[in-house]
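Asker: Sequence:
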Amino acid sequence: MQTFNEVKTETTMEIIGLDHRGIRTTKLEPTRHFYEDLMGLKSGHRPS
Numbered sequence: 001m002q003t004f005n006e007v008k009t010e011t012t013m014e015i016i017g018l019d020h021r022g023i024r025t026t027k028l029e030p031t032r033h034f035y036e037d038l039m040g041l042k043s044g045h046r047p048s
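FYI, the numbering for the sequence shown is 1 to 48, going by my numbering.
The hints are simulated quantities; they were obtained by calculation from the structure and are not laboratory data. The beta carbon of each residue, even a glycine, is placed where N, CA and C say it ideally should be. One or more hints might be untrue.
To be verified - Pairwise CB distance ranges, derived in the manner of DEER restraints:
#1 Tyr35 / Glu10: 41 to 49 angstroms
#2 Ser48 / Glu10: 39 to 47 angstroms
#3 Lys42 / Met13: 30 to 38 angstroms
#4 Glu10 / Arg46: 31 to 39 angstroms
#5 Leu38 / Gly17: 16 to 24 angstroms
#6 Ser48 / Thr12: 35 to 43 angstroms
#7 Glu36 / Thr9: 31 to 39 angstroms
#8 Thr11 / Phe34: 30 to 38 angstroms
#9 Thr11 / Gly40: 21 to 29 angstroms
#10 Ser48 / Lys27: 17 to 25 angstroms
When you get a sec, could you build the whole thing from the sequences and use the hints?
Answerer: Printed below as a string of structure tokens:
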């Protein structure tokens, strides 16, 4: 019998779109770098 740690499963999911997401941070520049430069997402309108 396999234990929980011995059972391997693989699940994949294709992302076909992302409408919008609000992210609160006190470190805007590192957060922007991660999402725009590394993840390839674009910044949208940021309310003041």
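Asker: Now tell me, hint by hint, if it's right for this structure.
Answerer: Here's how the hints hold up against the structure:
A hinted range of 41 to 49 angstroms is violated for the C-beta pair Tyr35 and Glu10, which are about 26 angstroms apart. For the pair Ser48 and Glu10, the beta carbons lie near 44 angstroms from each other, so the given range of 39 to 47 angstroms is met. In this structure the supplied range 30 to 38 angstroms is violated for Lys42 paired with Met13, their Cβ-Cβ distance being about 22 angstroms. Our hint of 31 to 39 angstroms for Glu10 and Arg46 holds, since their Cβ atoms are close to 37 angstroms apart.
At roughly 19 angstroms, the beta-carbon separation of Leu38 and Gly17 lies within the given 16 to 24 angstroms, and the hint holds. For Ser48 paired with Thr12, a C-beta distance near 39 angstroms keeps the hint of 35 to 43 angstroms intact. Taking 31 to 39 angstroms as the suggested C-beta distance range, the pair Glu36 and Thr9 conforms, at roughly 33 angstroms. Distance hint for Thr11 and Phe34: a CB-CB separation of about 24 angstroms, inconsistent with the stated range 30 to 38 angstroms.
Restraint check, Thr11 to Gly40: a C-beta distance of roughly 23 angstroms satisfies the suggested window 21 to 29 angstroms. A C-beta distance of roughly 18 angstroms is found between Ser48 and Lys27, which places it inside the suggested range of 17 to 25 angstroms.
Checked against the numbered hints given earlier, the structure breaks hints 1, 3 and 8 and satisfies all the rest.
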